[in-house]
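Asker: Okay, here's what each chain looks like letter by letter:
Number of protein chains: 2
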Amino acid sequence: MAQLIADRRDVDFVLHEQMEAAELAKSDKFAEFDKKTIDLIVTEARNLAIKEILPTQKPGDEGCRFENGQVLVPECFHKVFKVYNEGEWLAMTDDPEWGGQGMPKVISLAANEYFHGANASFMLYQSLSHGAAKLVETYGTKEQKNLYLKKMYAGKWSGTMLLTEPEAGSDVGALTTSAKKNADGTYSITGSKIFISGGEQDMVENIIHPVLARIEGAPEGTRGISLFLVPKYRVKPDGSLGEFNDVVCTGIEEKMGLHGNATCSLTLGGKGQCIGTLLGEENKGMSAMFTMMNEARQFVGLEGFAVSTAAYMHALNYARERIQSRDLADPKGGPVSIIHHPDVRRQLLIMKAYVEGMRSLIYYTGRCWDLASLAASDAERAHYTGLIEVLTPIVKGYITDKALEVTSHGVQIYGGYGYTKEYPVEQLMRDCRIFMIYEGTNGIQAMDLLGRKLGMNKGKTFLDYLGEIRKQIDAAKEIPMTAALAGNMEKVFNRLAETAIQLGKTAMSDKVKFAYAFAHPFLESLGDLTMAWMLLWRAAIAAPKLAKLAGGTDPAAIKAKVESNKEASFYDGQLQTARFFINSMLPITLGRLEAIHNMDGAAVEMLDAAFGG
Amino acid sequence: MAQLIADRRDVDFVLHEQMEAAELAKSDKFAEFDKKTIDLIVTEARNLAIKEILPTQKPGDEGCRFENGQVLVPECFHKVFKVYNEGEWLAMTDDPEWGGQGMPKVISLAANEYFHGANASFMLYQSLSHGAAKLVETYGTKEQKNLYLKKMYAGKWSGTMLLTEPEAGSDVGALTTSAKKNADGTYSITGSKIFISGGEQDMVENIIHPVLARIEGAPEGTRGISLFLVPKYRVKPDGSLGEFNDVVCTGIEEKMGLHGNATCSLTLGGKGQCIGTLLGEENKGMSAMFTMMNEARQFVGLEGFAVSTAAYMHALNYARERIQSRDLADPKGGPVSIIHHPDVRRQLLIMKAYVEGMRSLIYYTGRCWDLASLAASDAERAHYTGLIEVLTPIVKGYITDKALEVTSHGVQIYGGYGYTKEYPVEQLMRDCRIFMIYEGTNGIQAMDLLGRKLGMNKGKTFLDYLGEIRKQIDAAKEIPMTAALAGNMEKVFNRLAETAIQLGKTAMSDKVKFAYAFAHPFLESLGDLTMAWMLLWRAAIAAPKLAKLAGGTDPAAIKAKVESNKEASFYDGQLQTARFFINSMLPITLGRLEAIHNMDGAAVEMLDAAFGG
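Protein sequences, first through last, are from chains L and P.
In terms of the numbering used here, the first sequence is numbered consecutively and its last residue is 996.
In terms of the numbering used here, the second sequence is numbered consecutively and its last residue is 996.
Among the clues, some could well be false.
One copy or two, either will do: identical chains are not told apart, so a pair holds if it fits within one copy or between any two.
Okay, derived cross-link-like pairs now, DSS-like style, lysine-lysine, Cα gap no bigger than 25 angstroms in a straight line [to be verified]:
hint	residue 1	residue 2
1	K874	K860
2	K804	K441
3	K715	K894
4	K942	K931
5	K888	K715
It is worth saying that the hints were derived from the structure and are not from the lab.
Work the whole structure out from these sequences, hints included.
Answerer: Rendered as structure tokens:
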């Protein structure tokens with residue numbers, strides 16, 4: 384039976400052999416999450432994803448309906464939403480005090496990979512609810528937490544994020560939604576928000592909107608923005624629902640994809656009846672928002688990855704089953720399955736390399752969260768949170784860029800069928816295109832990397848990151864089967880380190896725009912190097928295990944074992960994937976680093992008029 | 384007023400300054416197509432495209448309906464179809480004897496750029512009609528031509544191409560549709576075809592299907608395939624319509640995009656009543672098909688290009704109008720239009736470079752057709768047809784790959800709006816994804832380049848192609864403003880020439896699959912080099928004109944002129960675009976050529992099982 388959504392063997396490989404997730408159980412905090420429990424959780428998540436969520440993916444593509452101010456989600460979402468909540472999957476990693484499971488993040492990511500890969504539209508409702516609840520947990524008063532938190536983590540009430548306005552997209556500081564303080568300490572909110580995922584829907588009895596707004600008289604720009612908690616229905620002190628809170632959905636977007644998730648326009652206080660409470664401190668809304676942004680951006684990266692792994696599983700299964708044309712090496716033979724054709728293999732291997740590199744990268748980021756939460760010292764915690772700072776734009780920006788490539792290869796491998804709705808790959812490609820845009824466009828991720836992360840702690844944070852990569856290169860050099868790969872990767876590593884210095888210096892000179900015109904190519908290059916890191920790490924784990932299975936490193940013995948033993952072929956797949964990526968993809972990265980090094984200023988120096996039109 | 388679909392100044396530049404289209408009027412054949420006439424044709428085409436065709440693009444995205452075996456195209460197509468036919472636009476380049484305009488191909492491409500950019504779905508009906516008519520013109524008997532040709536070129540009857548079957552997609556030789564000869568010399572056709580664009584529609588009174596089928600007893604594979612002309616309604620000797628010919632549409636595909644064009648499944652002879660006539664010779668169907676394939680593939684490249692130029696015009700206009708965030712170089716200033724942001728400029732310049740390179744490449748291919756048709760000797764004709772052979776996989780494969788990138792940048796520049804149906808870019812991206820697949824997937828284009836074109840005429844054809852590039856490099860070296868660019872490009876040229884030899888040799892060795900695993904990267908690299916060729920050529924034309932306008936090459940004088948004079952800024956835009964592409968994009972190509980040179984065999988040597996799943 385072919386795997387769906389994700390390759391369970393690879394999920395287990397990353398969890399146990401690469402990230403050693405069960406080791407976390409040595410801590411008091413995660414003591415109950417031993418290997419057996421981890422495996423049970425993943426199995427349960429996988430079952431739920433495949434049996435319940437996946438069947439809603441295609442019907443969900445029919446979209447939400449907007450009728451008389453109400454948003455009706457795809458009918459099939461209702462049942463699975465209930466099942467998902469009964470399983471208490473929303474608050475896997477959260478504090479048991481508020482109904483969470485207290486699970487290590489790295490484990491939750493394996494579960495979420497299956498969930499998001501099964502239906503990204505459906506899961507987006509959950510991600511946003513989780514993000515909103517986390518805001519309440521982090522910044523809420525005791526009263527706010529008591530009123531909202533358990534119901535949100537239980538999925539009874541959903542959550543959103545009201546940030547974007549028509550004239551304030553990426554430039555959040557330009558927003559105009561206003562808050563006027565009332566005598567009782569609450570605020571009357573007035574304004575319009577757009578692009579609100581799940582801003583209105585019919586699966587829950589209440590929707591809790593964290594809203595960015597400006598208190599009357601507050602400073603201009605981002606320094607005058609505060610965060611408010613605005614429920615769709617007011618909440619009485621006993622937790623029961625009061626009257627409608629004047630949050631009106633005025634329409635939903637028609638989009639390229641992600642049709643099952645309603646993208647709403649909301650008007651707050653159109654009748655002057657929208658009441659919110661301050662969440663956190665006055666004028667500190669942006670910093671609260673940014674605290675959550677890391678989680679949100681990592682979620683978007685996860686979405687891109689999950690859709691990619693689903694596309695890879697589909698394309699791989701199809702390539703094994705679809706019979707078409709003869710083998711190039713056997714032109715007189717009969718037609719063969721298309722996985723025999725070199726260009727199909729090339730595409731599958733690109734997909735595999737990215738998907739597996741993404742999986743390791745995402746789980747690694749989760750592991751950093753977990754280790755930060757267990758850190759014995761401030762320095763140790765700072766080390767892991769620093770890594771997360773650098774990882775975030777890569778996880779969000781690089782993964783979602785590559786997700787489009789991976790899903791597009793998925794379409795291509797299906798040929799003409801891939802373009803039709805008969806097969807799932809075209810939907811995956813349409814769904815994932817938004818991930819490059821929301822929670823900060825990938826251009827903004829690139830600016831974040833260059834402008835904030837490169838110079839953070841006087842460059843120490845970034846050097847720490849490079850140090851982790853360097854360690855892996857050194858380790859792989861000691862292993863005969865990976866030594867050559869490590870050497871090839873090292874050239875790109877060195878070039879990237881030089882380029883980072885050059886780029887950072889330029890960004891602080893009067894040629895600042897020259898540097899920023901290469902911010903995205905630099906993000907892409909660092910992402911490539913990070914993929915190579917993850918894949919080399921995998922290969923370095925696989926090599927000795929393969930040698931052990933084969934009783935040594937004799938090539939003939941290894942070949943025989945690989946052909947006859949499933950575990951051996953899995954480990955060999957790790958070595959081949961690293962080999963492919965480092966030898967056939969990284970040279971392209973080196974070329975791109977050369978282009979950055981040239982730092983030609985055409986894009987900056989060209990006059991607007993010279994663009995034509 | 385912003386330009387729509389295409390930048391008219393650039394269209395004129397390529398037609399007149401780069402391709403010197405009016406020079407063709409020195410020949411008897413094209414004597415009437417002087418500069419004034421060319422400009423009139425382009426203006427008329429542009430007006431038709433913008434005023435009549437473009438308004439059908441968005442409503443056309445609602446799709447065709449399939450009701451009771453009938454296909455209803457979007458209602459708005461009917462009127463514009465009539466107008467298009469009244470303008471006699473279908474047969475621009477064809478023989479006046481059959482109703483054609485006898486126009487040089489290079490001019491028709493400018494018109495078609497506007498048409499296809501205005502609505503690719505609508506125009507696909509026309510392209511296929513033209514291709515089918517051309518088959519009749521080339522292979523038809525006098526009787527067939529008299530019966531069908533004028534009506535087809537006039538758009539009264541449409542045409543299709545019945546090639547693909549469920550088990551015979553890329554492997555055409557596996558098809559099973561059969562033809563049984565009748566006593567009167569006609570054939571009874573039986574079979575099922577899928578993915579037939581415009582296979583059924585309600586804009587015309589008859590549809591003429593060229594059908595690939597196997598005559599009973601014919602050899603297996605491609606050598607036993609014949610071509611037949613199968614009308615939807617039989618045609619009486621006087622040209623009037625007879626009875627229904629048992630060509631039944633059984634359904635249309637639900638697709639990612641191109642919704643206005645019906646993709647049909649057809650059953651032929653389900654009731655034994657489908658009659659066709661042989662087109663060309665028995666068992667020579669494939670070679671007839673391949674003759675037309677070059678035109679069809681060039682049309683697909685044109686489609687990809689046309690959608691790209693439309694996306695660029697939209698994104699450029701939006702970037703100039705959309706105000707968001709401050710200028711990086713003026714952090715205390717007010718918000719500026721997003722064209723000031725380096726990452727937006729980078730994306731716009733990528734779009735511009737590809738779009739303008741594509742335009743030159745496509746018009747150049749048209750010019751080669753024209754010059755081949757005027758050739759004074761066999762050798763001269765062979766030179767131009769040889770160039771076309773090499774150009775075809777680049778036009779089809781490279782342009783359509785890059786069209787997806789260009790349209791995706793278009794979506795990105797619009798931010799969240801780009802993902803919504805409120806703006807046209809998301810449709811352009813969805814529409815263009817199929818171009819990478821149909822008329823031979825881009826993987827097949829890459830195989831065509833490596834397997835057929837590289838070794839054609841013992842390599843002379845390909846060397847001829849490289850020779851044309853070399854000439855341009857040498858010429859640009861003589862011009863001070865382009866000499867350095869030419870030098871930078873030369874490095875990539877030399878590396879590509881070496882790689883081609885290496886790849887060609889490997890393809891003929893027992894490592895054939897190693898070579899084919901790099902066929903697509905090689906196509907991409909040759910495409911990049913070809914873009915650079917076109918852009919350097921443009922720059923070499925622009926440089927002296929800019930110097931002339933500025934009264935010399937003094938940088939300050941040029942800068943002043945560029946800032947104050949529209950023509951000067953256009954020419955400067957040519958130089959900057961070449962500079963950007965050669966200095967910031969071609970280094971990536973060099974990296975890819977390095978990867979090909981490595982020729983790592985991971986993709987070939989990996990076992991199927993090691994792909995996982």
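Asker: Now look at each hint and say whether the structure bears it out.
Answerer: To see whether the hints hold, each was checked on the structure:
no., hint, result
1, K874 - K860, "within (13 angstroms within a copy, 33 angstroms between copies)"
2, K804 - K441, "both (9 angstroms within a copy, 20 angstroms between copies)"
3, K715 - K894, "between (61 angstroms within a copy, 17 angstroms between copies)"
4, K942 - K931, "within (13 angstroms within a copy, 68 angstroms between copies)"
5, K888 - K715, "between (60 angstroms within a copy, 22 angstroms between copies)"
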